[in-house]
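Sequence order for the protein chains is H and Z. If you read the first sequence in my numbering, its first letter stands for residue 1, the second for the next number, and so on. If you read the second sequence in my numbering, its first letter stands for residue 1, the second for the next number, and so on.
Heads up, some of the hints might be wrong.
Between beta-carbon pairs, the in silico distance windows are [claimed, not checked]:
| hint | chain 1 | residue 1 | chain 2 | residue 2 | range |
| --- | --- | --- | --- | --- | --- |
| 1 | H | Ala5 | Z | Glu246 | 35 to 45 angstroms |
| 2 | Z | Pro736 | H | Pro244 | 51 to 61 angstroms |
| 3 | H | Phe157 | Z | Asn247 | 30 to 40 angstroms |
| 4 | Z | Pro95 | H | Phe157 | 49 to 59 angstroms |
| 5 | Z | Leu770 | H | Gln89 | 40 to 50 angstroms |
| 6 | Z | Asp59 | H | Ala5 | 15 to 25 angstroms |
| 7 | Z | Thr26 | H | Thr154 | 45 to 55 angstroms |
Since the hints were made in silico from the structure, they are not lab data. All C-beta atoms in this analysis are idealised placements derived from N, C-alpha and C, irrespective of residue type, glycine included.
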Amino acid sequence: MIPAAFDYKVAESVEHAISLLTEHGDEAKLLAGGHSLIPMMRFRLATPGVLVDVGRLDDLRYIRRSNGTVAIGALTRHSELEHSAELAQACPMLSSVAALVGDPAVRHRGTLGGTIAHADPASDLPAAVLALGATIVAQGPSGRREIAATDFFTGYFESVLADDEMITEVRVPATGGGWNYQKFNRRAQDWAIVGVAVADGGAGVSLVNMGSTPLRASGVEAALASGASAADAAAVAAEGLEPPTDLNADSDYRSHLAQVLTQRALNAAGVA
Amino acid sequence: MTITESAPAAHVGSRRLRKEDPALLTGEAKFIDDLDLPGAVWVGVVRSTEAHAKIVGIDGSAALAIDGVTEVLSGDDLAPLWGEGALPCAWPVTPDMKNPPHLPVARGTAKYVGDAVAVVLADSRYAAADGAAAVVVDYEPLDAVVEIEDAVADGAALVHPDLESNECYTWGLWGDNAAAVDAAFAEATHVVTERYVQQRLIPAPMEPRGCAAVPSPAGGELTLYSATQIPHILKVMTSVVLGIGENKLRVVAPSVGGGFGCKLNVYAEEILCCALAQQRGAPVRWTESRAEAAVSTIQGRGQVQHIELAADSEGRLQAVRVKLLADMGAYLQLVTPGVPLLGGFLYHGCYHIPNYIFECKAVFTNRVPTDAYRGAGRPEATYAIERAMDSLAVAVGVAPEEIRSRNFIKAEDFPYESPPGLVFDSGDYHAVLDKAVSLANVAGRRAQAAQRRAAGSSKRIGVGFSSYVEMCGLAPSRVLASLAYGAGGWEAATVRISPTCKVQVVTGSTPHGQGHETCWSMIVADKLGIDPDDVEVLHSDTAISPTGLDTYGSRSLSVGGTAVFMATDKVIDKARSIAAHQLEANEDDLEFSGGVFRVRGTPEAEVPLAGVAFAAFTAHDLPDGMEPNLEAHVTYDPPNFTFPNGTHIAVVEVDTDTGNVDLIDYVAVDDCGVQINPLIVEGQVHGGILQGAAQALYEDAVYNSDGQLVTANLADYLVPSAVEAPRYRLENHVSPSPTNPMGVKGVGEAGTIASAPAVMNAVVDALRDLGVSNLEMPASPQTVWKAISQAQGGAS
Ligand SMILES: Cc1cc2nc3c(=O)[nH]c(=O)nc-3n(C[C@H](O)[C@H](O)[C@H](O)COP(=O)(O)OP(=O)(O)OC[C@H]3O[C@@H](n4cnc5c(N)ncnc54)[C@H](O)[C@@H]3O)c2cc1C
Numbered sequence: 001m002i003p004a005a006f007d008y009k010v011a012e013s014v015e016h017a018i019s020l021l022t023e024h025g026d027e028a029k030l031l032a033g034g035h036s037l038i039p040m041m042r043f044r045l046a047t048p049g050v051l052v053d054v055g056r057l058d059d060l061r062y063i064r065r066s067n068g069t070v071a072i073g074a075l076t077r078h079s080e081l082e083h084s085a086e087l088a089q090a091c092p093m094l095s096s097v098a099a100l101v102g103d104p105a106v107r108h109r110g111t112l113g114g115t116i117a118h119a120d121p122a123s124d125l126p127a128a129v130l131a132l133g134a135t136i137v138a139q140g141p142s143g144r145r146e147i148a149a150t151d152f153f154t155g156y157f158e159s160v161l162a163d164d165e166m167i168t169e170v171r172v173p174a175t176g177g178g179w180n181y182q183k184f185n186r187r188a189q190d191w192a193i194v195g196v197a198v199a200d201g202g203a204g205v206s207l208v209n210m211g212s213t214p215l216r217a218s219g220v221e222a223a224l225a226s227g228a229s230a231a232d233a234a235a236v237a238a239e240g241l242e243p244p245t246d247l248n249a250d251s252d253y254r255s256h257l258a259q260v261l262t263q264r265a266l267n268a269a270g271v272a
Numbered sequence: 001m002t003i004t005e006s007a008p009a010a011h012v013g014s015r016r017l018r019k020e021d022p023a024l025l026t027g028e029a030k031f032i033d034d035l036d037l038p039g040a041v042w043v044g045v046v047r048s049t050e051a052h053a054k055i056v057g058i059d060g061s062a063a064l065a066i067d068g069v070t071e072v073l074s075g076d077d078l079a080p081l082w083g084e085g086a087l088p089c090a091w092p093v094t095p096d097m098k099n100p101p102h103l104p105v106a107r108g109t110a111k112y113v114g115d116a117v118a119v120v121l122a123d124s125r126y127a128a129a130d131g132a133a134a135v136v137v138d139y140e141p142l143d144a145v146v147e148i149e150d151a152v153a154d155g156a157a158l159v160h161p162d163l164e165s166n167e168c169y170t171w172g173l174w175g176d177n178a179a180a181v182d183a184a185f186a187e188a189t190h191v192v193t194e195r196y197v198q199q200r201l202i203p204a205p206m207e208p209r210g211c212a213a214v215p216s217p218a219g220g221e222l223t224l225y226s227a228t229q230i231p232h233i234l235k236v237m238t239s240v241v242l243g244i245g246e247n248k249l250r251v252v253a254p255s256v257g258g259g260f261g262c263k264l265n266v267y268a269e270e271i272l273c274c275a276l277a278q279q280r281g282a283p284v285r286w287t288e289s290r291a292e293a294a295v296s297t298i299q300g301r302g303q304v305q306h307i308e309l310a311a312d313s314e315g316r317l318q319a320v321r322v323k324l325l326a327d328m329g330a331y332l333q334l335v336t337p338g339v340p341l342l343g344g345f346l347y348h349g350c351y352h353i354p355n356y357i358f359e360c361k362a363v364f365t366n367r368v369p370t371d372a373y374r375g376a377g378r379p380e381a382t383y384a385i386e387r388a389m390d391s392l393a394v395a396v397g398v399a400p401e402e403i404r405s406r407n408f409i410k411a412e413d414f415p416y417e418s419p420p421g422l423v424f425d426s427g428d429y430h431a432v433l434d435k436a437v438s439l440a441n442v443a444g445r446r447a448q449a450a451q452r453r454a455a456g457s458s459k460r461i462g463v464g465f466s467s468y469v470e471m472c473g474l475a476p477s478r479v480l481a482s483l484a485y486g487a488g489g490w491e492a493a494t495v496r497i498s499p500t501c502k503v504q505v506v507t508g509s510t511p512h513g514q515g516h517e518t519c520w521s522m523i524v525a526d527k528l529g530i531d532p533d534d535v536e537v538l539h540s541d542t543a544i545s546p547t548g549l550d551t552y553g554s555r556s557l558s559v560g561g562t563a564v565f566m567a568t569d570k571v572i573d574k575a576r577s578i579a580a581h582q583l584e585a586n587e588d589d590l591e592f593s594g595g596v597f598r599v600r601g602t603p604e605a606e607v608p609l610a611g612v613a614f615a616a617f618t619a620h621d622l623p624d625g626m627e628p629n630l631e632a633h634v635t636y637d638p639p640n641f642t643f644p645n646g647t648h649i650a651v652v653e654v655d656t657d658t659g660n661v662d663l664i665d666y667v668a669v670d671d672c673g674v675q676i677n678p679l680i681v682e683g684q685v686h687g688g689i690l691q692g693a694a695q696a697l698y699e700d701a702v703y704n705s706d707g708q709l710v711t712a713n714l715a716d717y718l719v720p721s722a723v724e725a726p727r728y729r730l731e732n733h734v735s736p737s738p739t740n741p742m743g744v745k746g747v748g749e750a751g752t753i754a755s756a757p758a759v760m761n762a763v764v765d766a767l768r769d770l771g772v773s774n775l776e777m778p779a780s781p782q783t784v785w786k787a788i789s790q791a792q793g794g795a796s
C-alpha cells in the first residue's frame with residue numbers, strides 16, 4: 001500500500017505537460033485527480049518514474065455550451081458535472097451518470113479526462129460518452145486531434161492515446177431524446193458489475209463491464225432502428241460478447257444482467 | 001455485593017454525548033502511527049506469497065541496495081532473539097490439543113499466504129516497504145490445505161507433517177446425554193438436518209494494527225506501544241515469551257481505532273519489535289498496511305456446521321445435535337481454539353431443550369489463523385439454530401414466530417439452568433418477540449408479500465426472524481478454569497477523590513471506541529453527586545493502570561463497570577467514616593445523597609463530599625488509625641455470565657430478475673439489561689447489526705484453490721457503508737441482570753450475533769415459494785439469482 005519511489009513535476013500549462021511527457025517518455029504518467037492512478041501505484045500495479053501533475057491546470061475546468069454541443073474541459077471534476085445547471089439542461093445524462101461515480105470524495109477529485117484516459121471498461125463516464133457519441137480532443141507534440149469516442153477505446157485500460165498526448169476537452173452533443181443509465185452494483189461506492197447507458201431515445205446504447213472496453217451495444221441499436229420492441233432489443237444485448245468473470249459475476253450472469261438492465265434502461269428512456 | 005443509598009440517578013440512563021468524541025473528531029487523538037519516535041528503526045515484513053512452501057533461499061541483496069535499508073533478516077537470523085519461545089496460545093482447550101510451535105518469523109517452511117518469512121530494517125517506513133518488496137524468496141511449493149472439509153479428507157496434505165494429521169482437537173459437551181439424544185431423535189415426529197457454512201471474515205477495523213517498542217537502554221526498561229485491545233494481557237505474554245521482567249516492561253495502547261476482536265491478540269510484530277528494540281537499544285516500529293492486514297491479522301468465523309433438531313408433532317424441541325468443523329488456520333493465536341467453545345454452550349438458542357449434544361473438531365488449514373471476531377462463537381451458534389428453527393417451522397407448518405414462541409424458555413423459569421449447565425440470569429423472551437412482531441408489522445408485511453407474489457412481481461418481500469441469547473461478561477474465573485482458559489475473568493478499578501473533589505477513575509478495561517470514559521464517568525458522577533465532567537478516566541497504560549484484563553466479549557460494563565461501581569462504594573464508605581467523625585455522629589446515622597453527608601433527622605448537620613475530600617487530604621483530623629486520602633481499589637470477579645437476548649426482524653426486498661437483496665426494514669428489540677447510556681447502546685446495536693448483515697450479504701474472505709486470498713483489499717472485500725445500512729428501528733426490553741449491582745448485561749456484540757440469521761431467513765422467506773429453501777452466505781446477487789434459476793429448473 002506504499003507506492004514505489006517516483007519524481008513529481010507540476011505542469012504549468014498543457015504545453016509544459018506535453019514537453020515533460022516527451023522528455024520522460026514511457027517513464028512518465030499524467031496525474032489528474034489521482035483516483036485511479038494512485039490506488040494502482042499503492043498496489044504497485046503502476047510504478048511510473050515521473051508524475052506530471054496536471055491537476056492545477058484550472059483553465060481546463062469548464063463546461064461551455066455552443067451550437068448544440070457542450071464542450072467540457074478535461075480537468076472538470078465529476079462533482080462539477082454532477083452539479084452543473086448548464087449540463088443538467090444540455091446533457092442531463094452526463095451529469096446524472098457523474099453523480100453515480102464512487103462516493104463524494106471520489107467525485108470531488110476524479111476528472112472527466114482522467115476517467116476517459118484510464119479506459120476502464122467498468123467505469124461509468126466512458127460508457128456514457130460512448131453512448132452520447134462524444135468527441136475527445138487530444139493534444140500532443142504535433143498539435144491537436146479530434147477522436148470519436150467510438151474509435152477511442154482499444155482494449156483493457158488501453159486507448160488510441162499516445163504516451164505523449166493529453167486529453168484537453170470532451171465534446172458531447174446536447175441531446176433531446178430519452179435517456180437513462182442503469183448501474184448495477186453491490187455497494188453504492190462500487191464500480192458497476194454491469195451498466196447500461198441509453199442516449200437519445202435509443203440511438204446510442206452502451207454497456208459497462210461487458211468486455212475489455214466500454215462497448216456500443218450495436219445489436220440493440222440495430223434492432224431498435226429496425227423497429228424492435230425494447231424487450232426484443234434487450235434480448236440481444238449480450239449477443240456476441242464475452243463478458244468477464246470475477247468475484248461478483250460470472251460471464252453468464254453478466255449476460256443476463258445486461259439484458260435485464262438494457263430493457264430497464266430502454267423503458268425508462270421511453271422506448272416501449 | 002453492597003448497595004449504597006446513592007443519589008437518585010441523574011446521568012445514568014441519559015443520552016449523554018461521548019467525552020471521547022471531540023478529540024477523535026478533531027484529530028487530536030493520537031494513534032499508534034502518530035507517535036513521533038526520532039531515530040526509530042522501521043520494520044518491513046516480507047510475507048509468504050505461497051500458501052505452503054519450503055523456503056529454499058532468501059536473497060536480500062536488491063533490498064540492501066535501496067537507500068535507507070540497513071538489514072535483511074531471515075527467520076534463522078532472528079531465531080536467537082526468541083530461542084524456543086513462540087507466540088502464545090492461552091487456551092489449550094483439551095489436554096491433547098495440538099499446538100505447533102509458532103515463531104514470529106517462520107523458519108524452513110511458510111504455512112500460509114501472509115506468513116512472515118523475513119524482515120527488512122530501514123530508516124523510514126517507505127524504505128522498509130521498498131526493501132520488503134525487493135527481497136527475493138525462493139519457494140519450493142508444497143501441497144496446501146485450503147478448505148476446511150479438505151483438511152479432514154482422506155489423503156489430505158498436512159499443514160504440519162509432524163502432527164500426522166490436520167486435527168487440532170476434538171471437544172464436546174455431552175455428559176451422559178448421548179443415548180438420550182439418540183432416543184429423542186428416534187421418537188421425533190420432525191427431524192431437521194442442516195449444513196451451514198460460516199465463511200471467513202476479515203475484521204477490517206478502521207485502523208489497522210501497528211506497534212513500536214521503545215527501550216530505555218540505561219535502565220533496561222522497555223515500553224511497547226501497540227494498537228491493541230489488551231495491553232495488560234499483552235504485557236504478561238510478552239514478558240513470558242521474551243523473558244523480560246514484568247517490572248521492566250510497560251505496555252501502552254494509544255487511541256485505538258476499533259478492534260472487533262482482531263486486536264485481542266499477541267502478534268508476531270509485537271514480539272519482533274520488542275526483541276529487536278532490546279537487542280539494538282533503539283526504538284523499533286511497524287505499521288500495518290491495509291493489504292497486509294488482510295493476510296496477517298487474524299480472521300473471524302470459518303466453520304462448517306451440522307445441526308440437527310428433533311421435535312414432536314407440534315414442533316416442540318426434544319433434542320439438538322451439533323457437529324462442527326472449525327478452521328484454526330495454520331497456527332493457534334491467543335484464543336483461536338476457544339472461539340468455537342464459546343458458541344458450544346448456545347446452539348440450543350433461547351429454547352428449552354431437554355437433550356443437547358455438541359462436538360467440535362478443530363482443524364489446521366494453510367490460511368492465516370482465525371481467532372475472536374465480534375461475537376466469537378456466539379454468532380455462529382445463533383446462526384445455526386435460528387436458520388434451523390425456520391426449517392422446523394416449515395416442516396411443522398407454523399409461522400417462524402410461532403415455532404419460537406412454542407419453544408422459548410419462559411419468563412418464570414429464570415434463573416434457568418441450560419442443558420450445557422449455564423445459569424441464564426433473566427429475561428422475558430416472549431415479551432421481546434411480541435414487541436418485535438408488532439413493531440415490524442409482520443402481518444402487514446406478509447400481506448404485502450402475498451400481494452406481490454399474486455401479482456407475479458419480480459420484487460419479492462421476505463420477513464426473517466432471529467431470536468438470540470448470548471453469554472457476556474467474560475467471565476467467572478472458576479468457569480474459565482474449567483474450560484482450561486489460561487487466565488481469570490475479573491476486572492480492576494481504582495477510584496480516587498482529589499483534594500478539590502475531582503475524581504480519578506483508573507480502569508483495567510481498555511476502550512478502543514466503545515465509550516468507557518463517558519459511561520464510567522456517568523456511573524461515578526451519579527454515585528458521588530458530582531458532574532461527569534469532573535471525572536477523569538485513565539486506562540490503556542500498564543504504568544497508570546497496572547491491573548486489568550481488558551476489553552472483549554462484551555465484558556467491559558458488566559465486569560469493569562461493576563468494579564468501578566464497587567470501588568466508588570468503597571470510597572463512599574471511607575468518606576462516610578470521615579464525615580461521621582467531622583459531624584460527631586454515628587456512621588449509621590448518616591445518609592449520603594446529592595454529594596452531601598447528612599445526619600438523619602438533624603437537617604443542619606451536614607458536610608459536603610468536597611469537605612470530606614479536603615479533610616482526607618490534609619489529614620489534620622482523621623479518625624484514629626485511618627489512612628489519609630480518599631481512594632479505593634476493587635477487583636471484581638463476576639459470579640456468573642450475563643445473558644443479553646432479543647429478537648430481530650429483517651425485511652428484505654429481493655429482485656428476482658437480478659438477485660439483488662435490499663434490506664428495507666430492520667427491527668431490533670434487545671434486552672441488554674439496564675442501560676447506562678442509551679446513545680452508546682444504540683451505536684453498538686447499529687454497528688453490530690450492520691456487521692452481521694455484512695456477513696449475510698457482503699463480506700467473504702475468498703481463497704482460491706492455491707490458498708491465495710483473492711479479496712485482499714477493500715474494493716474486493718465488501719465492507720458495507722452507511723448507504724447500505726438498513727433503516728434501524730430499535731426498542732428495548734429491560735430485565736435487569738441479578739448478577740451485578742447495576743443490573744447490566746452487555747451490548748457490544750448483540751447486533752452482530754442476531755442479524756446474520758435474521759437477514760438470511762428473510763431472503764429465504766422471500767424465495768421459498770420459488771423453491772429456494774437454503775442459501776449460503778453471503779447472499780450476493782449472483783448467488784441469489786443462481787439459486788432462483790436452479791430452483792426453477794433453469795440453466796445455471
Ligand atoms: C474508491 C473509488 C471508487 C470509485 N468508483 C468509481 C465508480 O463507481 N465508477 C467510475 O467510473 N469510477 C470510479 N472510480 C474512479 C474515479 O472515477 C477516477 O477518478 C477516474 O477513473 C480517474 O480520474 P482521475 O482524474 O482521478 O485520473 P488519474 O487517476 O489522475 O489518472 C488516471 C489515468 O489517466 C491518465 N490521465 C489523467 N488525466 C489525463 C488527461 N487529461 N489526458 C491523458 N491522460 C490522462 C493518467 O496518466 C492515468 O494513467 C473510483 C475511484 C475510487 C478511488
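Going through the hints against the structure:
A hinted range of 35 to 45 angstroms holds for the C-beta pair Ala5(H) and Glu246(Z), which are about 43 angstroms apart. Range check, Pro736(Z) to Pro244(H): Cβ separation about 57 angstroms, and the 51 to 61 angstroms hint holds. Checked against the given bound of 30 to 40 angstroms, the beta carbons of Phe157(H) and Asn247(Z), roughly 59 angstroms apart, lie outside it. For Pro95(Z) and Phe157(H), the Cβ-Cβ distance of about 57 angstroms falls inside the hinted range of 49 to 59 angstroms, so the restraint holds.
The supplied range of 40 to 50 angstroms is met by Leu770(Z) and Gln89(H), whose beta-carbon atoms lie about 45 angstroms from each other. Between Asp59(Z) and Ala5(H) the beta carbons are some 21 angstroms apart, a value that agrees with the proposed interval 15 to 25 angstroms. A hinted range of 45 to 55 angstroms holds for the C-beta pair Thr26(Z) and Thr154(H), which are about 49 angstroms apart.
The structure shown violates just one earlier hint, number 3.
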